[in-house]
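J.: Generate the whole structure from the sequences, applying the supplied hints.
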Amino acid sequence: HVPAGAIPKDGPSAGVTMMTALVSLALGRPVQGDVAMTGEITLRGKVLPVGGIKEKVLAAHRVGIKKVILPRLNERDLDDVPTELRKEIAFVLADTADDVLERALDIAVAPAEQRGERHAAVGAGADREAGAAPNK
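In this text, residue positions in the sequence shown follow the numbering used here: the first is 201, and each later residue adds one.
Keep in mind that a hint or two might mislead.
[Unchecked claim] 20 Å max Cα-Cα, derived EDC-like pairs, lysine to aspartate or glutamate:
#1 266 <-> 280
#2 254 <-> 302
#3 287 <-> 255
#4 287 <-> 234
#5 267 <-> 280
#6 254 <-> 280
What the hints contain is simulated information worked out from the structure, not anything from laboratory work.
In this text, all values refer to a predicted model and were calculated from it rather than measured experimentally.
T.: Here it is, written out as structure tokens:
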């Protein structure tokens, strides 16, 4: 749902939504229709907190959304959402892009190690410090 789609929006809140839409398109797998999501996403796939959680949850409820994916770092903001409404919506707290994709697209995402990726703690700079040649 994109109510009032012509209204300009700004800020990073739609980062996970845009990422999910692109992955959905690339995989040919639709996003679940009863899911809403918000959150900023970093280049390394971490999901960061955003503002306006109460208002976003109220808007999602108004249009019949049953599952809302939020940054885990916004968990405390759910205290501002009315108790009755919290009982009607399933909240998914996400730390990473993989968390979001698994729940929004109903897919299993392999751990980074199985995909041949390094841990986030080991960056390109770490390779150089250890004397290894940088990846090309």
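J.: Which of the stated hints cannot be reconciled with the structure, identified by number in ascending sequence?
T.: Violated: hint 2 alone.
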